[in-house]
Each structure stands twice: as C-alpha cells, then as structure tokens.
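Novice: With the hints as extra help, turn the sequences into a complete structure.
Protein chains: 2
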Amino acid sequence: MSQPVLHAALPSFANVQEAAARIKPYAVVTPVLRSQVLNVLSGAELSFKCENLQRGGAFKFRGACNAVWSLDDEQAARGVVTHSSGNHGNALALAAATRGIPAHVIVPDGAVRTKVEAIERAGAILHRCANNQAAREAKAEEVRAATGAELVHPYADARVMAGQGTAVLELLQQVGGLDAVITPVGGGGLNAGTAIAAHGVSPQIAVHGAEPTGADDTARSLAAGQRVGPFVPDTICDGLRTLVGEANFEALRMHRVEVTTVTDEEVIAAMRLLWNELKIVVETSSATVLAAVLKRPERFKGQQVGLILTGGNVDIDALPW
Amino acid sequence: MSQPVLHAALPSFANVQEAAARIKPYAVVTPVLRSQVLNVLSGAELSFKCENLQRGGAFKFRGACNAVWSLDDEQAARGVVTHSSGNHGNALALAAATRGIPAHVIVPDGAVRTKVEAIERAGAILHRCANNQAAREAKAEEVRAATGAELVHPYADARVMAGQGTAVLELLQQVGGLDAVITPVGGGGLNAGTAIAAHGVSPQIAVHGAEPTGADDTARSLAAGQRVGPFVPDTICDGLRTLVGEANFEALRMHRVEVTTVTDEEVIAAMRLLWNELKIVVETSSATVLAAVLKRPERFKGQQVGLILTGGNVDIDALPW
Numbered sequence: 001m002s003q004p005v006l007h008a009a010l011p012s013f014a015n016v017q018e019a020a021a022r023i024k025p026y027a028v029v030t031p032v033l034r035s036q037v038l039n040v041l042s043g044a045e046l047s048f049k050c051e052n053l054q055r056g057g058a059f060k061f062r063g064a065c066n067a068v069w070s071l072d073d074e075q076a077a078r079g080v081v082t083h084s085s086g087n088h089g090n091a092l093a094l095a096a097a098t099r100g101i102p103a104h105v106i107v108p109d110g111a112v113r114t115k116v117e118a119i120e121r122a123g124a125i126l127h128r129c130a131n132n133q134a135a136r137e138a139k140a141e142e143v144r145a146a147t148g149a150e151l152v153h154p155y156a157d158a159r160v161m162a163g164q165g166t167a168v169l170e171l172l173q174q175v176g177g178l179d180a181v182i183t184p185v186g187g188g189g190l191n192a193g194t195a196i197a198a199h200g201v202s203p204q205i206a207v208h209g210a211e212p213t214g215a216d217d218t219a220r221s222l223a224a225g226q227r228v229g230p231f232v233p234d235t236i237c238d239g240l241r242t243l244v245g246e247a248n249f250e251a252l253r254m255h256r257v258e259v260t261t262v263t264d265e266e267v268i269a270a271m272r273l274l275w276n277e278l279k280i281v282v283e284t285s286s287a288t289v290l291a292a293v294l295k296r297p298e299r300f301k302g303q304q305v306g307l308i309l310t311g312g313n314v315d316i317d318a319l320p321w
Numbered sequence: 001m002s003q004p005v006l007h008a009a010l011p012s013f014a015n016v017q018e019a020a021a022r023i024k025p026y027a028v029v030t031p032v033l034r035s036q037v038l039n040v041l042s043g044a045e046l047s048f049k050c051e052n053l054q055r056g057g058a059f060k061f062r063g064a065c066n067a068v069w070s071l072d073d074e075q076a077a078r079g080v081v082t083h084s085s086g087n088h089g090n091a092l093a094l095a096a097a098t099r100g101i102p103a104h105v106i107v108p109d110g111a112v113r114t115k116v117e118a119i120e121r122a123g124a125i126l127h128r129c130a131n132n133q134a135a136r137e138a139k140a141e142e143v144r145a146a147t148g149a150e151l152v153h154p155y156a157d158a159r160v161m162a163g164q165g166t167a168v169l170e171l172l173q174q175v176g177g178l179d180a181v182i183t184p185v186g187g188g189g190l191n192a193g194t195a196i197a198a199h200g201v202s203p204q205i206a207v208h209g210a211e212p213t214g215a216d217d218t219a220r221s222l223a224a225g226q227r228v229g230p231f232v233p234d235t236i237c238d239g240l241r242t243l244v245g246e247a248n249f250e251a252l253r254m255h256r257v258e259v260t261t262v263t264d265e266e267v268i269a270a271m272r273l274l275w276n277e278l279k280i281v282v283e284t285s286s287a288t289v290l291a292a293v294l295k296r297p298e299r300f301k302g303q304q305v306g307l308i309l310t311g312g313n314v315d316i317d318a319l320p321w
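Residue numbers (full-length UniProt numbering), protein chains in the order written: chain A, 1 to 321; chain B, 1 to 321.
Keep in mind that the hints were calculated from the coordinates and are not lab data.
There may be inaccurate statements among the hints.
[To be verified] Distance ranges between label pairs, derived from CB positions: (1) R296/B to D72/A: 43 to 53 Å; (2) R113/A to R296/B: 26 to 36 Å; (3) R256/B to R34/A: 35 to 45 Å; (4) Q75/B to R34/A: 26 to 36 Å; (5) E74/A to Q174/B: 38 to 48 Å; (6) R296/A to A318/B: 27 to 37 Å; (7) G225/B to G177/A: 52 to 62 Å; (8) G225/A to A318/B: 42 to 52 Å; (9) L41/A to G225/B: 30 to 40 Å; (10) F231/B to R128/A: 52 to 62 Å; (11) R299/B to R253/A: 38 to 48 Å; (12) Q174/B to A135/A: 43 to 53 Å; (13) T114/B to R34/A: 14 to 24 Å; (14) A14/A to R256/B: 51 to 61 Å.
None of these values were measured; they are calculated from a predicted model.
For glycine and all other residues, C-beta sits at the position ideal for the given N, C-alpha and C.
Specialist: What follows is the structure, encoded as structure tokens:
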C-alpha cells in the first residue's frame, strides 16, 4: 500500500483558479445577499456570500470536491478518507459520490447524530473510534493503510484550501470588487484560501478573520508572531474549535490577515440578525463575521465588505436563543 | 378629492411583462434553490423560487412596486394607502420609498409589533383603527378621501396581480421550463398572477394552489363552481386567512388551477424540511406548497415543478415546533 502523502503546503492563485474550473460542474454558484438594514447598522456596504446554500449546506464542499477531482483515476478508485465528522466529512462524502468513489469517514463516539446520519445518507463508509484527536488520526491512518484511500485533511491540505478559496473568487465576480473580505477562522483553511484568492485578484483587498474569544488561538498567535499551543476551546461555534494549521498560519501572516475576536453573545446577536434580515439559516460559526464587522464600525466604515457565510447546518430544535 | 378607482379586473400577460420591466430596477432577482433530498422525497424535480429573499422578505414587493410605479406623477405625489398591516403593508411602504412618495398603512389594534415596526422603519405613515375588516376599510377610505392617496389593495388589484406574476416569469427564465408551478392561495393575487404569467409563456404548464384546510374557501369554491361566503379561518398560516377575491377566483377557474389542501401539521413538517434542507427561513404560508407536493406524489411524479416560496417573515422566538 502507498505511504501517506502530505498536502500541507499552500496553494497558489493558479491552483485556486484551477479548482474553480474543476468543481464548476458539481458546486452550486451560491447567491450573494444584501440588506439595507444591515448596511445601516454597520455603516458599510455588506455582500453576504451564502455558502450555507452550497451543496451539503457548507463551503466545505468546494475544498472536498477539488481534492476528489484532483486525484488520478488509479488513486481515485481507492477512495478518500477523513477524520472530520462535521461539515467536511459530509462534504467529502458528497464529493466522492460525484465521482462514484468510496469515501471513508471516521466518526468519533458522541458525534452529533443528525450530522452522522447525513454523512451516511451521502453514501460514506463510517468507521467508529474514541472521541479524541489521537484516536481519530490513528483510525484514519488505519483505514488509509488498509484501503489505500487518500487522506483529505479538513484544512491542512493545499487542494482543500484552493477549493475553499473559490468562494471569494466567485463572490468577486458577482459583486465586481471589494475593499475587504472576512471569513471565520478555525483551522484556517478557508481564510488562507480566501487570502490567496483575493490577493491573486487584487492585492488591495484587506483580508479579515473572525474568531470566537473562546477559541482565539489565531488572534493570539498573530499577536505573538508564532503559533501558540493547543488550548481547550470554550465557544458555541462548533466549527471553529480547532487550532489553526501550521501552513494556514503562515498564509495568514504573509497576507497580513487581521483577526477580530467576538464573544458567544455577540455571535448569537449577529446570528439572529442574519436570520431576521437575510431570511436564511446560518450556523453559529458563520455569524462570527457579521459580529466582527459590527464590533469594529470604525474599521469597516464606508467599505465594500464581502462576508463569507460558511454554513447552515443547525439543529433547529436547539437554537441558541 | 378624487373618487376611489377600482382595479379589480384581471391583468393580461402583457401587463405582467410590463410589470417585470417596471420593477426591474428595484426588485431582487431572487435565487432558485434545489435539493436532492427533497427531490428524492417527492419523486419530482423541484425548483424553489425564493421570494423570502425578496426585498421586504416577501413576494409582495413585486405587486406593490408595480402599483407604485404605474401611477402618473400627479397621482404618485399624493401617495398610496393600504389596509394590510402584514407583508403587503410593508411592501407598499418599501415600494413608495423607492419613488419618494408617501405610503399610508392602516394598522389595526393588536397587529404584530415586529411587523408594525418594520413598516414604520420603511417610512410609512401609520393610521390606527379597530381590529376588524370593516374598520380597516373605513379607515383606508377616510385616509384616501383626506389625502387623495391611491388605494393599493393587497390582492384585488390588477397592478398587484401583474407584479406578483413576475415571480414565475423570472423563475421560468431561470430554469428554462416547467411542467407545473404551485403557489399558496389566500386572496388569490399571487396565484392568479402566476396563472396568467405561466400560461402566457406556455399553456401547457399546470398551475396549482396550496391552501390550509383551516382556510380552504378556494378549494370549496372551485368544487362548488362558485365562491363560498365568508368563513372563520383556523390555521397557523397567517398570510392565508383571506377569502379569495372575486376576480381572483374567476382567474383560477379560467386557468383550471388545482388546489390541494394541507393541514397545519403537514405545513409544519414541510416548513422544517425547507429550513433543514434548503437552509432558508420561510414562513408557514410558504411551506404549504411543499406540503401539497409531498401530499400528492402521484400527481407530481417525475415532473419539473416550480414552487413559489412566498415569504420569510417569521418570529424566530416563536417557531411552531
């Protein structure tokens, strides 16, 4: 069987452009929404890129789909594997289905039932393991070694970052131009891909990140000039509890990304605004971007700001208000 | 002062096309969403026209905007008036603002606070009255006589119907073609406008309506061959508690509209599906169309079906589940 291949280096702008062409037959061109009420409230001109309306309900499909369709036929036949049981796991299952290849998804004990069901419905082969990072990685490696499936990491993978960067590329085509763009920051795949894509189009675009105060390792790492160590996350933003990846962090530094931290209360208030004013279902992680813009009116005043709304996979029976 | 002018006759297909051109600078081209899960569940190919993402959060803006921009300058200067404190009142206020003319909205005691606030925020002049149909109509007539404002009825108005018919016109342009289209039925403005517009494009398109069992006067009227009298509505679909208009009913008969009735339980189940699968906020009235399609799989099997999702103005603190 093959050895694990690392894809942690950063993609180029050309890689993002290639990804856009590669995923075009499968990904949704998601709409851009605007709200006069939110413009007045923020003092800026906001364009919301609705990746909650992407296939699988999250931007993750873009990265997973690019990874799946980057494989040569021989590798593709052996399938793909990941240890994310959230939106990325679901996205990889959906992407693998577009190519008719097996997707193996590691599901830790205690994973959210509805998410696991969605992954199963998408056709993935589930592998159970204990609920910790080491067990998940070990299980993924075990499956990889046994099947030859290609590991597709949720954020430390250049193919995934390139695919995720296509969201802002599409947004820029839809709106014509932006002064700034902001994405949530967890592992940093979307933010790094966004920075590379946006600056490929125009180096003048300011790239921002939004991070919950209860998982603010990226903000602290940027302040310290180096990656801080593991931490215990304490935030309702379940998609952002991850330590920023190594290459991802380097990309954020290189591209001078500004990260704004927001409290869970600010996230919930922003989430309510998005539901009420845009009439869309977005998850907590997505709301960080609006919370950050509203928190720093002086920073965004009068600007054309693109906000990537990352996903809409919410338990509507357990809303945080 | 001028005498009241009735606009209860039906619009022509040409009127719908004129309306589309007239509202183009102001209305949102709303996106069309699809879901593999809902296709499998229904056995049909569903295209959801997201009028919940329209300005003001409802399709009502199309009709109100067409009415406002149909006025000559002299009449426009005197403003517009309506006795709907719901989505139509809000839409008329927003539409009047696009032309910089006064909008008078009659607000009955006990109207939903958030809706009244939205209408006020849109710049309308509010007029309070007692909470019954006679008081609302009397107050509207009083305001009309005093100000010369043009009455824009929520559904018994050809300009309103023509504007509302533009939604399906746009949908047909977006998807290329449909076997059937379905809208909720309350006063019948949207459904009549939809029938006129759809059959103007292709007489082969089957036009359907969805009505709550607790406000099924249109279904009963079609069955009886004549309009049944007033009734006491009993449904959570607050936008559909109206008796179908006279001209509206004639339009539905002429266009051989099939109306399917759905229970509140079926509406709530469909609403949950729309939130979970499409990731959008829709109100109860909108969910009737999916409920109707799911209720009659044999009727829609294998068809390309367009579903007009009418609005997203929901109190997210009081969801019906």
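Novice: Indicate whether the distance between the beta carbons of R256/B and R34/A respects the range 35 to 45 Å.
Specialist: holds (39 Å)
Novice: When you take the CB atoms of F231/B and R128/A, is the distance between them in 52 to 62 Å?
Specialist: holds (56 Å)
Novice: Quick check on a hinted range of 51 to 61 Å for A14/A and R256/B, using CB atoms only.
Specialist: At 56 Å between Cβs, range holds.
Novice: Could one say that the CB atoms of R296/A and A318/B fall in the range 27 to 37 Å?
Specialist: holds (33 Å)
Novice: Is the gap between the beta carbons of R299/B and R253/A within 38 to 48 Å?
Specialist: Because 59 Å falls outside the window, the suggested range is violated.
Novice: Tell me if the beta carbons of T114/B and R34/A are separated by a distance inside 14 to 24 Å.
Specialist: holds (21 Å)
Novice: Do G225/A and A318/B keep their Cβ atoms within the hinted range of 42 to 52 Å?
Specialist: holds (49 Å)
Novice: Using the C-beta atoms of E74/A and Q174/B, is the stated range 38 to 48 Å upheld?
Specialist: holds (40 Å)
Novice: Does the beta carbon distance between Q75/B and R34/A stay inside 26 to 36 Å, or does it fall outside?
Specialist: holds (31 Å)
Novice: Starting from the range 26 to 36 Å, see whether the pair R113/A and R296/B falls in it by beta-carbon distance.
Specialist: holds (31 Å)
Novice: Range hint 52 to 62 Å: satisfied by the CB atoms of G225/B and G177/A?
Specialist: For G225/B and G177/A the Cβ distance comes to about 59 Å; the hint holds.
Novice: Are Q174/B and A135/A spaced within 43 to 53 Å by their CB atoms?
Specialist: holds (47 Å)
The earlier numbered hints that this structure contradicts are 9 and 11.
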